[in-house]
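**Student:** Start from chain A and add chain B according to the hints.
Listed below, chain by chain, are the residues.
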Amino acid sequence: MVIYEEEHTQLTETCERLARDALAKAIFIVDKDGQLVTATGETTGIDTTGMASLVAGSTAATGGLAQMLGEEEFPVHFHEGQHTHVHVSVIGGAMILVVIFDDRSSLGLVRLRTKRVYSDMMAVYERVQARMNDESQKMDLFGEITDDDIDSLFNDTF
Amino acid sequence: MSFINYAQREIILKIVYYGPGLCGKTTNIKFIYGGTNPDARGKLISLETKQERTLFFDFLPLSLPAIRGFKTRLHLYSVPGQLFYSASRKLIMKGADGVIFVADSQRARKEANIISMEDLKENLAAYGYDINKIPFCIQYNKRDLPTAMPLEELRADLNPEGKFPEFEACAVAPDGPGVFDTLKSVVKMILMELKKTK
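Chain order of the listed sequences is A and B. Just so we're aligned, residue 1 is where the first sequence starts under this note's numbering, counting upward by one. Just so we're aligned, residue 1 is where the second sequence starts under this note's numbering, counting upward by one.
Take the hints with a grain of salt, since some may be wrong.
Claimed, not checked - Footprint (simulated), chain B over chain A, 3 or more residues, beta carbon under 8 Å:
1. 4-18
2. 28-35
3. 98-110
FYI, nobody ran anything at the bench for these hints, they're computed from the structure. Idealized CB from N, CA, C, for every residue including glycine.
Okay, chain A solo, but in the shape it has when bound:
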């Protein structure tokens, strides 16, 4: 997946609006392969990268379960904790919307508000897809990269 600045801003703004309307603690968008697209709200103290991989893993496992039962997918699932709850929904088959909320909100409110932003997010996702398929939008990030450049990537890391 390739996310451009404009679509990233639109997705972030939609998440911010949803966080206000649903009284959510934090909202994330994760791609189905486990990479974080955007995060908003009270994200301090959350390992957002790890969370993204776990959400994608959980969504993939839930999807596998759905297929075993003859469903194409379970596009929405919900995890209820003692104080913190997680509402997960799949958008456009490729992005995952994660809403984290506590007792200030309720599952009903989160479901309602999430459904209302779904079409906005789908529209952004469709633009992302269109740009990904548009050859003229592609930037040549690696054109002149050399073996030495690649070797130097590792020098300070390992």
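**Tutor:** Frame of chain A, contents of chain B only:
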């Protein structure tokens, strides 16, 4: 396949460690975690059984320096090796940019290596990947053990045409010979592949 975020100016590469049960996939990832600059590594996540066998996957995010102003991040995953976790292995392969096959050099695991390689090919094909086209290398692990097969025999089983880069390793040793070389090799292959396709 790779994830590029222009807003965050980052490129994320997903690399999957594959291989039979107990071949050392998790040990590879743990060694990389231990040998990486703490500023460059995220939290290691292991979803394992009570017996410390991988149940779903291990996950380790690493940050490399920037390429043309884009931060390069590696997301390392390992699959559960035990045969009956086939469905989980398939899920984890989705979106992989590169694969490292960790073979167990012990003679007793000869058949398990071959079965796992066939399983990998099937799971790659399920997502439309071809093992001959995706960045892929083989690591012969546990080379220090007295029960290790000769390299020629492992090659004949897993890399008969010598098409794939291969490394000898001992991931459990304090200096983990071969572990970083394998990872660097696959990262290099992915970046060269991206260079070709862009």
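**Student:** Give a verdict on every hint.
**Tutor:** Do the hints match the structure? See the list:
1. Counting residues of the region 4-18 of chain A whose C-beta lies closer than 8 Å to any C-beta of chain B gives 4; at least three are required, and the coverage claim holds.
2. Interface restraint, the region 28-35 of chain A with chain B: holds (5 residues with C-beta to C-beta distance below 8 Å; minimum three).
3. Residues of the region 98-110 of chain A with a Cβ under 8 Å from some Cβ of chain B number 0, which does not satisfy the need for three, so the listed coverage is violated.
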